[in-house]
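2 protein chains.
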Amino acid sequence: MKLRLILLPLLLFACFAGFGQTKQTDPQKQNSSVAEKGLIKVSIMYPFAEGKTFNMEYYETKHMPMVAAFIGSNLVKYTIEKGVASGTPNQPLSYMAIGTFYVKSLNDYQTAIGPNRDAIRADFANYTNITPVILISEVVR
Amino acid sequence: MKLRLILLPLLLFACFAGFGQTKQTDPQKQNSSVAEKGLIKVSIMYPFAEGKTFNMEYYETKHMPMVAAFIGSNLVKYTIEKGVASGTPNQPLSYMAIGTFYVKSLNDYQTAIGPNRDAIRADFANYTNITPVILISEVVR
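If you read the sequences in order, they're chains A and B. If you count by this note's numbering, then the first sequence holds residues 1 to 141, one letter each, in order. If you count by this note's numbering, then the second sequence holds residues 1 to 141, one letter each, in order.
Keep in mind that the hints were calculated from the coordinates and are not lab data. Among the clues, some could well be false.
Note that the list lumps identical chains together, so a pair holds whenever it fits in one copy or between two copies.
Taking lysine-lysine pairs in the DSBU-like style, the calculated list, with each CA pair at most 35 Å apart, reads [what the hints assert, rightly or not]: (1) K62 <-> K77; (2) K77 <-> K52; (3) K52 <-> K62.
Extracted from the complex, chain A is given alone in its bound form (with noise of 0.2 Å):
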């Protein structure tokens, strides 16, 4: 009976720490939780210079989501950014936008987007008249 007693108290107070676990909220441990050390990130940058355009709402709704498609479950984020200044005094900006892929296996890049490297050059024309620069990096940090 007295074991119940002790024994029941520590059950309930063992729940509740399991149910009020969290994560730590350090920012920097939080972005890096889901591990992109390692990863294989493609960059397809698309450089300014005058004359040149670049249709983000395209890019954004319908060209990004296309080629994600293709790449599927090897992928584990992508991301896009559009240019706004240069970060040095009169040096023009470099790219008006850049879209990265982040994916697990560089080989499964490839194969994925071999079959849909017409598709995916025939939709730039939606959007851009840009040729890209394409950058294959490893994830550091």
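Using the hints provided, position chain B relative to the given structure of chain A.
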């Protein structure tokens, strides 16, 4: 007595359920869950060229943490990537490395960096002979 026999297993089950809780694993939601959309992104991009060098270890362990500390609480996160290859055949690697800072306010970023610009530039020589290209962009996704 019988009530306790029923309650105890139920309580034990509830405990394990509590401890066993895990977040939803949809990668897109989880990765965007720390709201990056609308943030300002400052990218420091180190162009590749023959004869250029870059010490990633120093960059990762010394330089980036130093600059991150200058930026302070305005900093949401910073990233580092190592250029591996061009994504286009017969095109050279565009960047050897890229470091980025995601901040809430561009003004506050510039205010924090300003007085420390000389220290930051003096530190370049400790890891690279490349003059970086700096891009200010807005996170769309």
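Against the structure, the hints:
1. K62 <-> K77: Classified as both: same-chain Cα gap 16 Å, cross-chain 28 Å, threshold 35 Å.
2. K77 <-> K52: Both: 28 Å inside a copy, 31 Å across copies.
3. K52 <-> K62: Within one copy, since 20 Å is at most 35 Å while 39 Å is not.
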